[in-house]
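Make the complex out of the two chains shown on their own, each in a separate frame, by following the hints.
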Amino acid sequence: MALPEVKQSATEARLSALTLPESGCLKAARQAALSRVQTMGLPSRRDEYWKYTKPDTLVQAEAPKAAVFHADEAPMFNAFERLNIVFVDGVFDAEASDDLELEGLTIDRIEDICCKDIHWAKDLYGVLEARGQTPVERPLAALNTAFASDGVAIRVTGKVSKPLNFTYVHSDENSDAILHHVIRVETGAEVTILENGPAASRFNKCMEIDIADGGKMHLVRAQGRDHERRAATHLFARLGTESVFKSFTLTVNGVLTRNEAVIELTGDDAVAHIAGACVGDGDFHHDDTVFITHDAVNCESRQVFKKVLRNGATGVFQGKILVKEGAQKTDGYQISQSLLLDDDSQFLAKPELEIYADDVACSHGSTSGAIDEEGLFYLRSRGVPHAEATDLMTLAFLAEAVDEIEDAEIAADIVSRLEGWLARRR
Amino acid sequence: MLEIKNLQVKLEDEDKQILKGLDLKVEAGKVHAIMGPNGSGKSTLSYVLSGRDGYEVTEGSATLNGEDILELEPEERAAAGMFLAFQYPVEIPGVGNMTFLRTAVNAQRKARGEEELSASDFLKEVRAKAKTLKIDAEMLKRPVNVGFSGGEKKRNEILQMAMLEPKLCILDETDSGLDVDAMKLVAEGVNALRDEGRGFLVITHYQRLLDHIKPDVVHILANGRIVKTGGPELALEVENNGYAGILAEEA
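Chains as they are written, first to last, in numbering that gives the first Met the number 0: chain A, 0 to 425; chain B, 0 to 250.
Extracted from the complex, chain B is given alone in its bound form (with noise of 0.2 Å):
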């Protein structure tokens, strides 16, 4: 589903490299978590496969089923099926919450040549949906992000997510700033999702959310580049040892 290869990318506006030759293969149906120590390059990724500005590739690609993403404007990548789950929710005072998640349902359909939602069918999708999220029908109303707390934020991202239906999700560090109750609520979120057409890319620091969203194949990223892979134990064994033995190992 998404092959990345040999991807190298530097910041646009110093000369500073922080992906140095990237190889990742996601499967549809996987979970493929990626662990790394701050400053490995794990957010950059997920940036550079969403498409925002600030970021050069300079070698390498990354397709999406096939499609060579990184030519893409963002909405297109979207579109394509791809959808990240950033790490701080961006608020927008004056677009209602329900407004947003109409307009980009609606969007993606018209883009794949498909016809929008009416608007009773999205109220109805959408409520069922934030139920089993615990949204409540006034933060649908709120101004997207603003005034939610950071339990809140994620659970919204989520809820976009489940009403978007990507094909492969990024999940970037989706349990920063969670507590342990709110982690379970966003991780039973994203299980639900999980299908055999969907791949998913969690990234995160800690081995906690993989308690809860157990992956099928864990990649360490250091330096700009994936080091090791391994099953769920590679997980643990970051839990138990921390970075600096597994990158010694591999040096």
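One chain only, chain A, in its complex shape (with noise of 0.2 Å):
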């Protein structure tokens, strides 16, 4: 079927700013996620799944401008022990990062992965991707596939014993980055994977996550506090029997970011946590838009996001929780809340349930509210001061959220990067 007009020149228009990359052995990959691109068309804000949030400025061939913001606080997640992988507006640093050597996994760029013949990774690249485009298109996806210039390739195949800490330095105020990684939890395996900073002007990250049986992964992402930095960044993980993949983003600023998550359950026992906490003020979009899939018995999935909105900021949550025929005894479960500190902020929630087995329990709920008064009334008789009891009652209102962190080591720092923000706007 032909592309509206629009859409087909928009598309066309992004496209011809683009090169493929070389890339020998993920040559096809590239050129079918192309294809793929060329098919469905980049979004466009009459797209059903893009109601909420206008996509244009993640589609047009240039990236906006986007100035860089001089950090006033120290860096995150450095006061533990983890090794250290650093992006500079989406290109590799090897000066600024550790050796990519530690016990229990292999690292290597993606530019490497035929030169090395790394066969896990050429047959998990774009794979992900492609299966997470129905029953919903994500082109944004499919074009990072197709034109990612950057990225790395972890296999993980035992107990790693720190975390790993991806830095995204943001530069050049006209910087587009591209990056992809792809990842392999190992059966039994564990890993913990940090990122943090605002990467580029424009960011488009996709992470495609493979975990064996019995593996572990917990991801905890900070993305930056660039006031202009625009980014569309996909999850796609697969996760097998008795594995677990836990993920929490905290997002900071930024004018416009949309976080997609696409998560398939498909060995029995299986857990999925995926959580967000954002903070915006003024001229801030944040979309976690999330599908889950059930398709293997006695899996546990879990959505967690809080937003905290103020002088006109806008939050969307688009979560969908599918369960197979056949995946029984799922327990599913959906929350989504706003925290609304002022009239004019607004927080527009699509929570989806589609069910197809008789056994499950799936819950969802979604609210936007002011700061509760009782609380801070409570606070206040105690002698805490206004500003201070607000600050309180807010950090308690992302706390569910946050509280999806296992390690308090990192939790910590994400309490502290909210706290600062807080902080900055008594």
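These are calculated hints, taken from the structure and not from any lab test.
These figures come from a predicted structure and were not determined experimentally.
Using N, Cα and C, we set each Cβ at its ideal position, and we do this for glycine too.
Nothing false has been slipped in among the hints.
Computed list of chain B residues with no C-beta within reach of chain A, every gap over 12 Å:
| id | residue |
| --- | --- |
| 1 | Gln7 |
| 2 | Lys9 |
| 3 | Leu10 |
| 4 | Asp14 |
| 5 | Glu26 |
| 6 | Ser117 |
| 7 | Arg126 |
| 8 | Leu139 |
| 9 | Glu151 |
| 10 | Ala181 |
| 11 | Arg224 |
| 12 | Ala247 |
Quick list of the computed label-pair ranges, beta carbon to beta carbon:
| id | chain 1 | residue 1 | chain 2 | residue 2 | range |
| --- | --- | --- | --- | --- | --- |
| 13 | B | Ala110 | A | Asn310 | 26 to 32 Å |
| 14 | B | Leu235 | A | Tyr332 | 52 to 58 Å |
| 15 | B | Lys133 | A | Ala411 | 29 to 35 Å |
Rendered as structure tokens:
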């Protein structure tokens, strides 16, 4: 079917600004992804899936300029042992990174997948993204698979002793980065991956995560503070039997962020927790779009999203749980809540359940509200000043999402970033 | 210490007068009890004194050690030495009880120009005080009042009172929802804080709390005014004859 003319020309305009990287053995995967983009067309605001978020600036040929915010606070995730991997405007920075060697895993750049003949990565690259195109199209992810200029392939084979810490530095106000990581967690292996930083003026990031039976992965992201940055990220995760995937994302500032998570529970007794907290002030639009497919027995999925919005900021949540036929004993939970600190801000939520099995427990809830006046008065009556009490109540609102982070040190870093953000707005 | 003169208060949202010219004086070192039937204005009095929204003072004044408190924000009243033990303590999910206590203690110290308590001094003090109220470490770690039983919530109020060391303590129906043992424990906590520099205003429906916290003065509040003042025997009279007799007598 031919694309609508506007979509066709927008897609062509974007594609004409890009060239397929030379990539040997990944060529077929990249070309297949390109033809997916050409068939689907890039998102337009008429698409149902983009009803609440204007994709224009994510799609246009040139990345809109975004000033680099010179951080005035300590870098994140610095207080504990970790392996640092640094990208500057989407380009790997070997100098700033640690040696990519750690017991229990191997890390390679995607440009080395072919010359090093890394089979598993070649077999994974673009595969979960392609699977994630049905039943809902995600053209920006296909665009990423086709044109990603950098990224890493991580194979986890044991229990890794310290987290991998990706820092995405933004240094050029016109940068337009496309990064693609593939991660394979083998049977019984465990890893924690951290990500932080504003990354680029416009960032398109895709992460494909394949977790084998009994594997565990924790992902904690802190999307950085640059006010004008834009990002479209995709997580594609496939979970085997008794595997665990837990992800938490903090978003602070950024004019536009769309985080999609596409999770497939394909082995029995698997667990997936996807959580997010965002704080937005003014020109801030944040969209969490989650699609969780239960396709095995006795799996648990949990979505916890909290948004604090003020001065006209907008939050969006589109979350779906699909329980396929035969996925009995599914336990699906979904909550999305916003704390609106004034009348100008808005939260748009579209929770969905689609269930084809008869022995499941699924729940979803969505709320929008102001600070609880009773709680505020209680705190103030004990001598806590109004501003401080408001901050405490705000942190309390976010706590259910932050509590999804298992590691106390990592959670403390996230909380201190939130405290900093609140303190600057007193 | 606390001096209320001709206090007249109406609800902000509706044209309903609750307090209609209340006069009351609580001296340092004394325990005053206020008893009264439902709807007499007991809880309104405690909320107006602590600065809750929704009430409008149309006449009269309230001063704490000479300072007009009605003009102050709730946190300023707290720093000035006012403490209200809530009838229904509020649950605050996500804020740890300990964090809450430390924030409150240090905020008051700061407001008074005193040095903040160090983390270790604070911990020592809170542990010792919690122990006498039979509040265990687990309760201190949990979010404020979340999942607490009725008795635990009231004990937590008294712990806050003990940590904040206010000059004037208002107890709003602290006995409601408590069994006899819990009431004793709470009363012991309150009695331990009795001090010649501190005044208490104990609001209650029933005489039984006053068996444990012995008042110096008992007031009967009815229809927005103090209608009778006496010694502890007045509470017994209420217990034996109900409010109807006293009110008829005063009418």
